[in-house]
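S.K.: Here is how the chains run, residue by residue.
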Amino acid sequence: MTTFDPEIESRVVDLAAWSLPGARPLRSPVDADHANALVQRADAHRLLGPLAVAVQQGEVHLPDEALDLLAARHEAAMWWCLVLERRLLEVRALFEAAGGVDHLVIKGSAIAHLDEGDPSLRSFADLDLLVRAEHLERAVAVLAADGAERPWAERRPHYDRRFAKSVTLAGPDGVEFDLHRSLCDGAHGFRIPLDRLFADQVSFVLGGVEVGALSGTHRLLHAAYHAVLGSPAPKLMSLRDLGGYLTRDDLPIDEILAEVACWRGEAVLAVAVRETLDVLGVSAPAWRRWADEVEIPVGELVIVDRQRAEGSTPGRAKLDGLPELPWRDRVAYTFALTVPSRAHLRSRGLGPVDIYARRLRQRLPRRARPT
Amino acid sequence: MPVRCVGEGNQVTASDPGRTRHTHHRADGYVSRWVDGRLLLLGPDGVHRQLAGSAAAMWSVLDQPGTVTQVRDRLAALGAAPAATAPAFVAEALAALRAEGLVVAPGSRGS
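If you read the sequences in order, they're chains X and G.
Counting from 1228, one number per residue, gives the positions in the first sequence under my numbering.
Counting from 966, one number per residue, gives the positions in the second sequence under my numbering.
Just chain X, with the same shape it has in the complex (with noise of 0.2 Å):
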């Protein structure tokens, strides 16, 4: 266990911009403790593959016990990455017997073989596609016919291909996968024009086999979507994400403005580029000319606030997705938030009693709470 340092910290952010324009000079570690404390700082930000290849080049020096340290870690990061990728060719195949399935490949794989200059720059820990809403449920069968368990039950019926951003799912080799509906949670993952992903898909070649993920415009805002709406504080491996889109000659910032009033997203777009831009450092001056002039209304900035302080729990920012909804699926939605099933509720070790207590203690004032 190792415990905040920050100048440990400091040089693990240096490290998430590595290699990007306008990146500060890595330094090295004072001393060999210092040394083992960024591998293990790296690796608990997946920025093993940054490290590696920067101590291969002569750009951070480590002592020897370092270098071990690292050696294996980022070796067992690529084989548990190459086990999560054969799985994914073979869930495709079943995908492929059970009739299709209309997915991209998001996030992890996708980012590694697309956007890094080599795949082992980038590693990742389960999978996440996105599956399209109507072949959701049977994405779901498909992979518990094959023995994979989804931690909790469905909320209500059809809950999942009608409302959730996503279905988490967990084989008995330990592989996660993660069926997005969307991409993100609340109003702003209902406010995603899901069929212009598919649309606008580009691919990748996995062991022979061409897969489909999102375009490069639909991975930037994924990646701004990711890294302000994933996590109350974002990590810094999809800061390096995005810092990586925003600093690309290939992604014009005026054809992801278009795409991102589509989604009507500016708000999630100006807080992941500002914050971006300010942690690592790096050189996008057109992005950040937009960042520092762009006018965001104070409405739009609660939405994101909320909703990123909340984030996947059921609550008030999943309430604020009830306006973006069709009249008709408003109460079927409230219905699912406000009265889970006995399934669900059973699957989280909840009563129904629980759960009304659990409310009625968040709307007592703090020294009234039952302790």
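A few of these clues could be false.
With the C-beta cut set under 10 Å, the calculated list includes, among others, these residues of chain G facing chain X [to be verified]:
#1 Tyr995
#2 Ser997
#3 Arg998
#4 Asp1001
#5 Asp1028
Calculated from the structure, these hints are not laboratory results.
Note that the Cβ used here is the ideal one computed from N, Cα and C, for glycine as well.
Assemble the complex: chain X is given as a structure, and chain G must be docked to it using the hints.
M.R.: Relative to chain X, chain G alone:
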């Protein structure tokens, strides 16, 4: 995790000059990563393999199918040493990859 290494030093005893005409390509289903000068490979059989040296370079240049001559040219373009692009050496190394099931050359004996 058992890892099988395939690298320089793999020899084949049978020679088949006719194979030089055949187009070689990577066997389907193998995914790979370069790590520290080695190529990690995982295929449908689940065996973890590592390629080193010329074998790894050959796998790398077979991202497009190619004859022995084309493979030699691509290796030379990568800056491989003359010994590593000698016709007999390339043919033998490709045979080793074929024997391991990593490369196929439809129409050639033993593929």
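S.K.: When the nearest CB of chain X is found for tyrosine 995 of chain G, is that gap smaller than 10 Å?
M.R.: holds (6 Å)
S.K.: With a cut-off of 10 Å on the beta carbons, see whether serine 997 of chain G makes it to chain X.
M.R.: Hint holds; serine 997 of chain G Cβ to chain X Cβ min 7 Å, cut 10 Å.
S.K.: Closer than 10 Å between Cβ atoms is the bar; does aspartate 1028 of chain G clear it against chain X? Give me holds or violated.
M.R.: holds (8 Å)
S.K.: With a cut-off of 10 Å on the beta carbons, see whether arginine 998 of chain G makes it to chain X.
M.R.: holds (4 Å)
S.K.: Is the interface hint for aspartate 1001 of chain G satisfied, with its Cβ closer than 10 Å to some Cβ of chain X?
M.R.: holds (6 Å)
Checked against the numbered hints given earlier, the structure satisfies every one of them.
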